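Peer 1: Sequence:
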Amino acid sequence: MQQGGSNGRVVRPSAGELPVVPGSAVGIVANPMSGRDIRRLVAQASVFPNAEKTNMALRLVAAAGATGVARVLMSTDGMGVAAGVLRARDKRRPGAARWPELDFVALDAISGTAEDTRELVRRMVAAGASVVVLLGGDGTVRAAASASGDVALLPLSTGTNNAFPEMWEATVAGTAAALVATGRVPVEEASYRAKALHVVAGATHELALVDACVSTVTHVGSRALWQPATLHELYCAFAEPHAIGLSSIAGLLHPTPRTAADGVVVRLAGAGHAPQTVLAPIAPGVVAPIGVRAAGPLVSGRPHVVDLARGTVAVDGEREIEFGPSTPVTVTLAPDGPRVLDVRAVLAAAAQRRLLEPRALEAR
Numbered sequence: 000m001q002q003g004g005s006n007g008r009v010v011r012p013s014a015g016e017l018p019v020v021p022g023s024a025v026g027i028v029a030n031p032m033s034g035r036d037i038r039r040l041v042a043q044a045s046v047f048p049n050a051e052k053t054n055m056a057l058r059l060v061a062a063a064g065a066t067g068v069a070r071v072l073m074s075t076d077g078m079g080v081a082a083g084v085l086r087a088r089d090k091r092r093p094g095a096a097r098w099p100e101l102d103f104v105a106l107d108a109i110s111g112t113a114e115d116t117r118e119l120v121r122r123m124v125a126a127g128a129s130v131v132v133l134l135g136g137d138g139t140v141r142a143a144a145s146a147s148g149d150v151a152l153l154p155l156s157t158g159t160n161n162a163f164p165e166m167w168e169a170t171v172a173g174t175a176a177a178l179v180a181t182g183r184v185p186v187e188e189a190s191y192r193a194k195a196l197h198v199v200a201g202a203t204h205e206l207a208l209v210d211a212c213v214s215t216v217t218h219v220g221s222r223a224l225w226q227p228a229t230l231h232e233l234y235c236a237f238a239e240p241h242a243i244g245l246s247s248i249a250g251l252l253h254p255t256p257r258t259a260a261d262g263v264v265v266r267l268a269g270a271g272h273a274p275q276t277v278l279a280p281i282a283p284g285v286v287a288p289i290g291v292r293a294a295g296p297l298v299s300g301r302p303h304v305v306d307l308a309r310g311t312v313a314v315d316g317e318r319e320i321e322f323g324p325s326t327p328v329t330v331t332l333a334p335d336g337p338r339v340l341d342v343r344a345v346l347a348a349a350a351q352r353r354l355l356e357p358r359a360l361e362a363r
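Positions 0 to 363 (numbering that gives the first Met the number 0) are the ones given, in order, by the sequence shown.
None of these hints come from the bench; they were simulated from the model. Remember, predicted model here, so these are calculated numbers, not experimental data. Check the hints yourself; a few may be wrong.
[As the list claims (entries may be wrong)] Dumping the calculated EDC-like pairs for lysine to aspartate or glutamate here, alpha-carbon to alpha-carbon at most 20 angstroms:
| hint | residue 1 | residue 2 |
| --- | --- | --- |
| 1 | K90 | E100 |
| 2 | K90 | E51 |
| 3 | K90 | D102 |
Modelling step: build the complete structure from the supplied sequences, incorporating the hints.
Peer 2: What follows is the structure, encoded as structure tokens:
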């Protein structure tokens, strides 16, 4: 069986497969560290094993092969995710369903930090990936966003905080990614530009894709933010009532879609000293009463000055910034986040245009 390549050669599909589009490529970044932090000690959060990340990557590759992607660029790691994909490739038997050409993207050195994700995405974009699938949580997406440019990201939930990534079966997600990577569904039609929160404290500038929360805790410490009594202000790019995490507070008070122009700002207070209280699922296994002073729109493009002299700011669930009186903090919502693939829109277009019916395509 002929395999798809990047040499411009037209490859005829086997029965039931779509024609290979020369030059098409999908990237897969599997963060082996996602879903492994202190919240597993303070709450009943699930652990997402790396063996399942390998299985998800294999399903993504299989879907890409059936739908005509020429190459898949797979991240490497030191914790067995990529090794599992390599073993599966080497055990494939003649006559098996088509796989794309599989290239492993290796880093010069693995740091175990967010910089690994950023560098992997940079290299995949440079190598021609037009869609990058992310297996991770909010932190993984935030790292990838700074390196993806106009390439579409498809974040799949395998982390602790999963307010931004969505829970999709990997085969379905891989099919959607492939339809865009092969050009069968235009990326402009099948994606949207996410919003971002720009948090500035002196010379420090951090980006959040979901929320930025100001806390009275004065030291970063373990980074995880899970003590309700310390929360002071919450800024959200979007707020969904079905979310888990801090953004659920805003979602229950002032629901705001991902594609809306504005966000949400919530002023918080101790549950016993506030005019309003909301029970919110702020962490897995934790539904806590949160005191609220006020909640309303966060207008895009308008800087908001944090109303606290000293504390920390958590971006997408992790404390990153310490500030004091000499470093006032501002938070600004802007429509300049990453391009994000809309799986529903892709597959709706595919159904309408019969893109996943090989005989219908042959008849055109």
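Peer 1: Would you mind marking each hint as holding or not holding in the structure?
Peer 2: Verification of the supplied hints:
no.	hint	verdict
1	K90 / E100	15 angstroms, holds
2	K90 / E51	18 angstroms, holds
3	K90 / D102	16 angstroms, holds
Checked against the numbered hints given earlier, the structure satisfies every one of them.
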